[in-house]
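If you follow the hints, you should be able to join the two separate chains into one complex; please do so.
These are the residues of each chain, in order.
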Amino acid sequence: MTGLRYVYAVCRPFGTPLQAELTGVAGAPPKQLSHHGLVAVVSEVPAEDFAEEPLRAHLEDLEWLTATARAHQSVIDALTVVTTPLPLRLGTVFQDDSSVRVMMEAREEAFRRTLDRLDGRVEWGVKVYAETEQTEPERSPGKAASGRDYLRQRRQRNRSHEEMWENSERFAGRLHHTLAEYAEDSRLHAPQNPALSRASGRNVLNAAYLVPRSDSEEFVEKVDRTKDELSGVRVELTGPWAAYSFSGIDGEADA
Amino acid sequence: MTTPSRLPDPYGSGGGANLADILERVLDKGVVIAGDIRINLLDIELITIKLRLIVASVDKAKEMGIDWWEDDPALSSRARHNELARENAELRAHVAELEGARPQEEAS
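Protein chains in written order, with full-length UniProt numbering: chain G, 1 to 255; chain C, 1 to 108.
Chain C with its partners taken away, still in its complex shape (with noise of 0.2 Å):
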């Protein structure tokens, strides 16, 4: 029997907790049972759950105007195509060049 003795006032664990905080816990810990129509969510689920979640924070970030990442070839594969491209051009503008300049060469 568990008479509760007096706890310090709570920190933020209410209304005021910072929402990664409380997904933290109520997604990650606690006891995970399997219903009988087997709904609680395993492991893998929850961290699928929690990538999407970041990335709609991303979305929101860019409506606030940041968007660096979409020019990282690391972390955007938009990018990394826009790389490749821009890389392909100029390889394609450094052969023009070249041969270009090599008839010039034969005719000197």
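Extracted from the complex, chain G is given alone in its bound form (with noise of 0.2 Å):
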């Protein structure tokens, strides 16, 4: 075999094959390789895509990187239905086998020792935006009866903005709160930027909260529960995600 390995999750074993249909980063299937009580799920990809060089180059392309980011989920997202994987960064590859193999077994405690805290959790993320388009239709300035008028219906827009802005950060941090509350763990990052999330409004809250599987229902039905408690403010939710923003091993930063 002349391709190289790309490695996806490292998992405990699990004993359900992988659907039949999945397709990893460049269109083969990923299987399993089992090492020393731990599996990687991997795929072959050709060496003229996926060598240091031509990866890097390929990594400035948004077409193919979205591809390839959306494929190394799709896989992702497979495990986690029928396991806790723990989710390695777009781009681990690999000479061949048994180079897998070394690496698993060079790090197999931190494996086992993030597998067992991770184990049965999945993560869901929740964004809260603030709304930059007035709530109600702006009145033409021709309306107001004068000059003080004007002014004093500008000043009167200005405050219920800052108001507005202001009232959605106070939501998105007891949002966060409670929600931090509920679930093991919790993570803020940094607010998306909309050039690329194509998101309206600004985003006020990134968080990723680290929740058992059993209680999952029960916190997605907590944030639904918010989602209309104030107007001018849009909650968003995601998930299940593999436990992706808390997967760090060994001290490594993992925010």
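One or more of the hints may lead you astray.
[To be verified] Incomplete in silico selection of chain C near chain G, CB under 10 Å: (1) ASP9; (2) PRO10; (3) TYR11; (4) ALA20; (5) GLU24; (6) ARG25; (7) ASP28; (8) VAL32; (9) ILE33; (10) ALA34; (11) LEU91.
[Unchecked claim] Label-pair restraints from in silico Cβ distances: (12) ASN88(C) to ARG155(G): 36 to 46 Å; (13) LEU84(C) to ALA195(G): 21 to 31 Å; (14) GLU184(G) to ALA85(C): 52 to 62 Å.
[Unchecked claim] Selected chain G positions facing chain C (Cβ under 8 Å, derived; list incomplete): (15) GLN73; (16) LEU86; (17) ARG198; (18) VAL235; (19) GLY239.
Hint data in this document are derived by calculation from the structure and do not stem from the laboratory. Note that CB positions come from ideal geometry on N, CA and C, so glycine has one too.
So, in structure tokens, the structure goes:
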């Protein structure tokens, strides 16, 4: 075989075979590589795309990166349904099966500890946006009876805008507090760049919560209940994700 | 051994998730392991990639005619350059005006 090995995740052995139609980053089906009671989920990738230099070049290509990231995520997603995977970062590539085994052996202890910590847990993402559009249509300036009236109206609009910001930040803080108390662990991520997320409004909270599968339904309901609490504020829930945000090992920064 | 209990339906983590969400996790989180051909990317490189991606989105925005940052000296070196050129031209004009005015004053 001339291909390289792309590694998606490390897991405990799981009985179920992976879906037959599942394809990995270069279109090849992922397979399980067992070693010392751990399983690496790998697929073969062509060296002409995934060796260091071509990969680096590809990563500058938004379309290629999008397709690759989605394929990576779809394998992790499929694993999350049947087990608790420890997701590796995009672009973890080895020469062959035996070098994947060497890596697993070297990190065996850390993998086991992290898998124990994450076992049976999933990650939920919660984002809060403050809508930047005015909630009520602006009155045309021409309707003002006088210059002074116009300025008064403007001042009022600015003040209500400011109040809206403050309210949405307070709301996000309260929501995070409630959810963090309920979850086993939480991480605050940097607000997303609207150029990339294409989401409207200002991202005032971007958080991840580690929640046992068994409590997930309740967690989702908790988030759902807050959705109509405050107008001008949008709450978005994503998940269940593999515990990406909580998978740091050996004191390595995991946030 | 993990026996998955019932999970609520996925909320946008699969095909429907926005690109920023997926990249945020797949590029930024997850375990970093140096492969034997050293491809697992380090943070600094990821940051570069993200910056470039944002630039890529910016190019798309430009295609749609959104280009206000082009004229903002804080955001665009070209605008900064233009700004200097404009200032320079203004100053030259000003100097020329003053120099033009002086002999007249002296004459009067």
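Given ILE33(C) as an interface hint, is the shortest Cβ-Cβ distance to chain G below 10 Å?
Since the shortest Cβ distance to chain G is 5 Å, the answer is holds.
Hint check: 10 Å Cβ-Cβ cutoff, ASP9(C) to chain G
holds, 9 Å
Beta-carbon spacing of LEU84(C) to ALA195(G) - inside the hinted bounds 21 to 31 Å or not
holds, 28 Å
Holds or violated: is the Cβ of ARG25(C) closer than 10 Å to a Cβ in chain G?
holds, 4 Å
For the hint on GLN73(G), does the least C-beta distance to chain C fall short of 8 Å?
Since chain C brings a Cβ to about 5 Å from GLN73(G), closer than 8 Å, the hint holds.
When the least beta-carbon distance from LEU86(G) to chain C is tested against 8 Å, hint result:
With Cβ-Cβ at 6 Å, under 8 Å, it holds.
Just to be sure I understand the hint, the distance between the Cβ atoms of ASN88(C) and ARG155(G) should be within 36 to 46 Å; is that true here?
With Cβ atoms ~40 Å apart, the hint holds.
Does VAL32(C) pass the interface hint, meaning its C-beta sits closer than 10 Å to a C-beta of chain G?
holds, 5 Å
Evaluation of the interface hint that places GLU24(C) against chain G, nearest CB under 10 Å:
Interface hint status for GLU24(C): holds (7 Å vs cutoff 10 Å).
Go through the hint on VAL235(G) and say holds or violated, using the shortest Cβ distance to chain C against 8 Å.
violated, 11 Å
Minimum beta-carbon distance criterion (8 Å), GLY239(G) to chain C
Interface hint status for GLY239(G): holds (5 Å vs cutoff 8 Å).
For the hint on ASP28(C), just tell me whether its beta-carbon gets within less than 10 Å of chain G.
Holds, because the Cβ-Cβ distance from ASP28(C) to chain G comes to roughly 8 Å (cut-off 10 Å).
When each numbered hint is compared with the structure, violations occur for hints 11 and 18.
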